[in-house]
Amino acid sequence: MGTKLNNAAAGTANYVDERTSIGGFVKFFARKIFPDHWSFMLGEVALYSFIVLLISGVFLTAFFVPSMDIIHYDGTFPTMQGVEMSRAFASTLDTSFEVPGGLLMRQIHHWAALLFTASILFHMARVFFTGAFRKPREINWLIGFTLMIMSLAAGFTGYSLPDDVLSGNGLRIIDGIVKAIPIIGTYISYWLFGGEFPGEVLIPRLFTAHVLLVPALILGLIALHLFLVFLHKHTQYPGGGRTHKNVVGLPLFPVYTAKAGGFFFVVFGVIAFMGAFFTINPVWNYGPYDPSPVSAGTQPDWYILFVDGALRMMPGELWGFPFEWVIGGYTLSMNLLIPGLIMPALLFGFMAFYPWFEAWATGDRGEKHVLDRPRNAPVRTGIGVAVITFYVILVLEGSNDIVANLFHLSLNDLTIFFRFAIFILPVVAFMVTKRFCLGLQRKDRELVLHGNETGRIVRHENGEYIEVHEPLDEQARWIAVNYDDIAPSVVAPSHNDRGVERKGHKFDRFKHRLSRFYFEDRVSPVTPAELEEAQHHH
Amino acid sequence: MSQSDQSQETTEPDSFQDPGVPYHRPRLSDKDPKAAKRAERQVAAMFGISILGTVIAIWAYFGLHDMGEDVESIQQTNTVIGIGVMLAMFGIGWGAIHWAKTLMRDHEMVEERHELRSSDESRAGAIQNLKDGVEDSGIGASKEGVPRRGLLKGSLITAMLVAPLALLVPQIGNMGGDWNVGLLRHTMWKKGTRLARDPDGTPIKASDVTIGSAFHVIPEGLNEMGHGKLEAKAKAIVLMVRLDPRDLTIQPGREDWSFDGIVAYSKVCTHVGCPVALYEQQTHHLLCPCHQSTFDVSDGAKVVFGPAKRPLPQLPIAVDDEGYIIAKSDFDEPVGPSYWDRLKTPDGDLTPEEGSH
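Chain order of the listed sequences is A and B.
Position in the first sequence (first residue = 1) + 317 = our numbering.
Position in the second sequence (first residue = 1) + 1092 = our numbering.
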């Protein structure tokens, strides 16, 4: 039996290899080494929730009817009897209440989408804070960034498909923002909606985007993303024996096949659990889209909240200064353009190109495969926390009615507070985080020099009491001292020795200021000499 | 430890030395065959749970309830299928991970990296190949005897650039319908249209509108429309309230737009177009639940808070012979969010006089 099976396997392998030379690939891939860390799973969660999205999405396409034709509902759900609605909404109800497992799949799909976008952002944060975007991975950061944008597009197009009153209002908001675009805004709106809002073609168009265009792009980009991960070999956290020139870990086959493969099923299990027990987006309670009704506490899916928050925060007029201008009879709505387009463009632009900015500002040019501990890059970590603070304020403002209700605050006061906070708190967050990082670096120094407190008090012969400190072991000490200690760049003098002004001196001074911004405040790692001196003190 | 101490004493380096990959710490299952056996049984049990989960899901689909009975039973079926799927997935996942963590060899291995940059040789080879190709094609600088065909380059690039238009122009052109953006300036309100209740469409008598009450209003006849009903409704929705006339500040030029304290304003927010549906009777404020623009109905629906800039457009109203409230005209400006040429008509500027005749 065993040998028969082996023979069959060998025969198949031979057959395939003679036609594909797959043997070379298998040799290359099978025992590829991957380092281990829990934070490396965040990207996996994103990948796996995308696979769950594909699986559950295929189920749903069998029942969803992407049509805006108006019908009168006559299905099982009692409170919607006879209500006028689009076929899209009716088929959503039918999928939920007449297809066993249909509602489960809808909820699995929606939860997986929320997890997909969330895990992408967490994965991006991990990559950012550990400096994994540095050379040679800048291009892969950009691919990942594009995937993040695509995940938002996938989410929003899908969210709108049921044609319920909430998603319809979401589309109306998009329509409002699009119309604010100077000169061509109304035409873009007509192009999207096939005429006036809401029109009769949007749902089929969104459907095509949602099930074909966007997922195809995501799949292609994922393939590219993972190809580059293989090509670059995975980054690793600092530790004994780990350098920029090697990778330390366990082989893809069998350890990561089992761990990562198994983790897919765990992610699927978690999503299935949420789909089974937690209702999400109960469109049957909201009703079909109708331009007239709307309820308080209307929230989009979480990943849109930051734009919604910006829209809520931006005043139409501030201290008598209007943000809608009429210039030569033409209307320019800065109160829409700033939060709806300019802010996201600046935020996303900064995110997309940060790797190049940092490399340029710090002058760092080498390949980096060992990750930074966030404390060892205080300014970058500070920038990251500042951006997160900015984002979180927008998300909170995007749910300000719920926040106000929950904490019994005045809605208007909350918005006014956030209008100030959006400028002040990110700066504060940056400074506090930077200090935190420097403090942690000093703590590392302290531990290397004096070791861990043991809690053991010893009395010396001369009557002096001291607490015994236990020196760090070699591995822990290595992690605490093994980081680059970079000093700010030095500017060449403005005039050469003959008193002629040097070309490009001003630019150098600007770059020097950036370099100082990054590296002026720093804590150097302990040197062996310092350690020896500290030990002599005792 | 001792190694680095020694090196310190002799050469005193600037930095510590890499201690190397830590020693492998054996797991319980590495040392104790019984523990390994136990782990094996646990893994098998988890795979068993997965199979059980699949059985539960299939049983729930076929056996739990008759199909399409009622909402309750189908919800139940959904939940139980969900539990089945969850177990089916968790079982495989946890089993595989437990296997990897307890039984698979976990000695860390080291693989060398290679600089990504190609070798100088292959770079030179690549450049040479491209040069040869360019020469063979005649695009670039020519070898002797091979004429340079610059015309080809220019015409090819031009053709490639404009070719997408052959597809894109019809595509984009068709997608916008009739492109009649002028529709945005008008709603279905016109002189004499009765104000009717939303959603049932019954006309409203002035006598029904008591002080402090608010009505969600649509034009009479909207519900009977076939095509274009939602588009019409999206622009024509109105909120009508009656205030104590003493509380009402009449806007100059609009003295005859209200009737005995009854005012009607467009319900489409001038911010991004959500329905401004929440009326606060005490303060006469209208609140948009989407982004909290707040309008003061007693004072020309001017913005008192939030992101909107412009007041809600007012619908001029009167009362007909039968006592029903009617519109005196369409709105005198486009309703809803601002757009680039909202103040322009095809013939020129849109003025209040023009719109209100």
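Calculated from the structure, these hints are not laboratory results.
Treat the hints with care, as some may be off.
Unchecked claim - DSS-like mimics (lysine-lysine), calculated; alpha carbons at most 27 angstroms apart, straight line: (1) K760(A) / K550(A); (2) K823(A) / K685(A); (3) K1223(B) / K1193(B); (4) K1223(B) / K1129(B); (5) K1283(B) / K1129(B); (6) K550(A) / K1129(B); (7) K1193(B) / K349(A); (8) K1193(B) / K344(A); (9) K1193(B) / K1297(B).
Note that this is a predicted model, so its numbers are computed, not measured.
The hints, checked one at a time:
1. K760(A) / K550(A): violated, 32 angstroms
2. K823(A) / K685(A): Roughly 30 angstroms between the alpha carbons, so the hint for K823(A) and K685(A) is violated.
3. K1223(B) / K1193(B): With Cα atoms ~54 angstroms apart, K1223(B) and K1193(B) exceed 27 angstroms; violated.
4. K1223(B) / K1129(B): Violated, at roughly 65 angstroms.
5. K1283(B) / K1129(B): violated, 88 angstroms
6. K550(A) / K1129(B): This hinted pair is violated, its Cα atoms lying about 35 angstroms apart.
7. K1193(B) / K349(A): holds, 18 angstroms
8. K1193(B) / K344(A): Measuring from Cα to Cα gives roughly 24 angstroms; hence the hint holds.
9. K1193(B) / K1297(B): Measuring from Cα to Cα gives roughly 77 angstroms; hence the hint is violated.
Hint compliance for this structure: hints 1, 2, 3, 4, 5, 6, 9 are not met, and every other hint is.
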